[in-house]
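Whole structure, please, built from the sequences with the hints as guidance.
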Amino acid sequence: MDYCHRCGRRLPEVAIYCPNCGTERLDDYEYYQISSMINKSKKYEVETHRKSKNSFLEWLANIGLGTIVSKLISWAWTAIKTLLGFF
Amino acid sequence: MIQNSNSAKALSNEDIKKIQKAIKDELTAQPPTIGLVGISGVGKSSTINTLFRTSLPTSDTVACTKQFEIKDLYIQFTKGESKGDKVCLRVVDAPGLGEDIKRDPQYLSMYKKNLLKCDVILWILTARNRAVALEQYYLRKLKKFHDSIVFAINQVDLIEPLNWNVKINLPSREQLHDLKIIVKDRSEKIASTINRRITIIPYSAKMKYNLEELFKFIIDKCPTDRRWIFNNIKGFHYTDFLPKELHEIFLEKKEL
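Line by line, the protein sequences give chains G and S.
Residue numbering for the first sequence follows this note's numbering, beginning at 5 and increasing consecutively.
Residue numbering for the second sequence follows this note's numbering, beginning at 12 and increasing consecutively.
Hints listed in this document are in silico derivations from the structure and should not be mistaken for laboratory results.
Small disclaimer: the values here were computed from a predicted structure and weren't measured.
Built from N, CA and C at the ideal position, the CB exists for glycine as well.
One or more of the hints may lead you astray.
Here are the simulated PhoX-like cross-link-like pairs (lysine-lysine), alpha carbons at most 25 Å apart as the crow flies [said to hold, decoys possible]:
#1 LYS178(S) <-> LYS217(S)
#2 LYS219(S) <-> LYS255(S)
#3 LYS232(S) <-> LYS46(G)
#4 LYS232(S) <-> LYS57(G)
#5 LYS178(S) <-> LYS55(G)
#6 LYS255(S) <-> LYS55(G)
#7 LYS219(S) <-> LYS232(S)
#8 LYS57(G) <-> LYS90(S)
#9 LYS29(S) <-> LYS55(G)
#10 LYS32(S) <-> LYS97(S)
Under 8 Å between C-beta atoms, here's a sample of chain G residues computed to sit facing chain S [claimed, not checked]:
#11 TYR7
#12 HIS9
#13 ARG13
#14 ASN24
#15 GLU28
#16 ILE42
#17 SER45
#18 THR52
#19 LYS55
#20 SER56
#21 PHE60
#22 ASN66
#23 THR86
#24 LEU88
Here are the simulated distance ranges between beta carbons [what the hints assert, rightly or not]:
#25 PRO172(S) <-> LEU87(G): 31 to 37 Å
#26 HIS188(S) <-> GLY12(G): 31 to 37 Å
#27 LEU88(G) <-> GLN147(S): 50 to 56 Å
#28 LYS94(S) <-> GLY12(G): 34 to 40 Å
#29 ARG64(S) <-> VAL50(G): 20 to 26 Å
Here's what the structure looks like:
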């Protein structure tokens, strides 16, 4: 990377630290590695949240709180219909 | 989940109380239970400490877990309807396999008895050790648990040439290259023992590397109606472990 990630200053070719803010230089590969980890983490977060939600509804259904589940489903259906109404 | 304010509006207070009571009853009757298996020194206790912010004792020199122990750790729900409430996480913490040959048969019968109660079993290998014969031996003996096991390789920071990239807290290029080979090799060996394809998750409890992926696999292996409990006690996020300087740089960007 030719520029500091933190302050944007152009870095001299041999500089390890940014002369302006002192941040250690990241090369393209390192930058890519962190970005991928963050993206992967977001993806997993969304995925586990979805599974957790479904799991909770399944659990409610199993313990016999069917009424509550049906209320939730009807709420979700109303929300979908409302959203579709916008398009 | 129900914590969504809009959905909460669709429920009466009575319904919410009913759910809260049901959650409490469920967690008391059957607390979330995780089993830990692996040879001595692979970092079973430190893995639990990292995933759930607990404080099981660990040691670099001698085996800490001498007895087959069932530990109830009280931790907080980090999200969901009961956020902030204390919940019991039951950890079936087994002494390391192969620690003492005289005790192994005794341990094995305890494994069989106690692993039955687990929602998920975390089978931990170490990246430092090439030999998997011990794991293969025990896997054959614990056949009926194969479907609830998540396989993971800990200590990937100790892969040669030991040049972990501390600046970004991730494996170096050389380590990543070797890691792929290690994961492939161990997966093939374990798969040949249990006669099905498996995924092994590489991670480092010490450096907090790849814990999100490990957690995702734990959730996947849980019984479907119990996944929400584990998700709600997850005690970390990847960005928590970014070096402070990078934290500032990367979290300022909303979209990557």
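Hint-by-hint comparison with the structure:
1. LYS178(S) <-> LYS217(S): holds, 15 Å
2. LYS219(S) <-> LYS255(S): At roughly 14 Å apart (the allowed maximum being 25 Å), LYS255(S) and LYS219(S) satisfy the hint.
3. LYS232(S) <-> LYS46(G): Holds. LYS232(S) to LYS46(G) sits at ~20 Å (cutoff 25 Å).
4. LYS232(S) <-> LYS57(G): The hint holds at about 16 Å.
5. LYS178(S) <-> LYS55(G): Outside the cut-off at roughly 34 Å; violated.
6. LYS255(S) <-> LYS55(G): violated, 31 Å
7. LYS219(S) <-> LYS232(S): holds, 21 Å
8. LYS57(G) <-> LYS90(S): Cα-Cα ~12 Å, so holds.
9. LYS29(S) <-> LYS55(G): Given that 25 Å is the threshold and the Cα spacing comes to 23 Å, the pair holds.
10. LYS32(S) <-> LYS97(S): Cα-Cα ~14 Å, so holds.
11. TYR7: violated, 12 Å
12. HIS9: holds, 5 Å
13. ARG13: violated, 13 Å
14. ASN24: violated, 14 Å
15. GLU28: holds, 6 Å
16. ILE42: holds, 6 Å
17. SER45: Result: holds, 4 Å to nearest chain S Cβ.
18. THR52: Hint on THR52(G): holds, closest Cβ of chain S at ~5 Å, below 8 Å.
19. LYS55: With a minimum Cβ separation of about 5 Å from chain S (threshold 8 Å), the hint on LYS55(G) holds.
20. SER56: Because about 4 Å separates SER56(G) from the closest Cβ in chain S, which is inside the 8 Å limit, the hint holds.
21. PHE60: holds, 4 Å
22. ASN66: Since chain S brings a Cβ to about 5 Å from ASN66(G), closer than 8 Å, the hint holds.
23. THR86: violated, 11 Å
24. LEU88: violated, 17 Å
25. PRO172(S) <-> LEU87(G): 31 to 37 Å: At 53 Å between Cβs, range violated.
26. HIS188(S) <-> GLY12(G): 31 to 37 Å: For GLY12(G) against HIS188(S), whose Cβ atoms are near 32 Å apart, the range 31 to 37 Å holds.
27. LEU88(G) <-> GLN147(S): 50 to 56 Å: Roughly 54 Å apart at Cβ, these two residues keep to the hinted range, so it holds.
28. LYS94(S) <-> GLY12(G): 34 to 40 Å: holds, 39 Å
29. ARG64(S) <-> VAL50(G): 20 to 26 Å: holds, 22 Å
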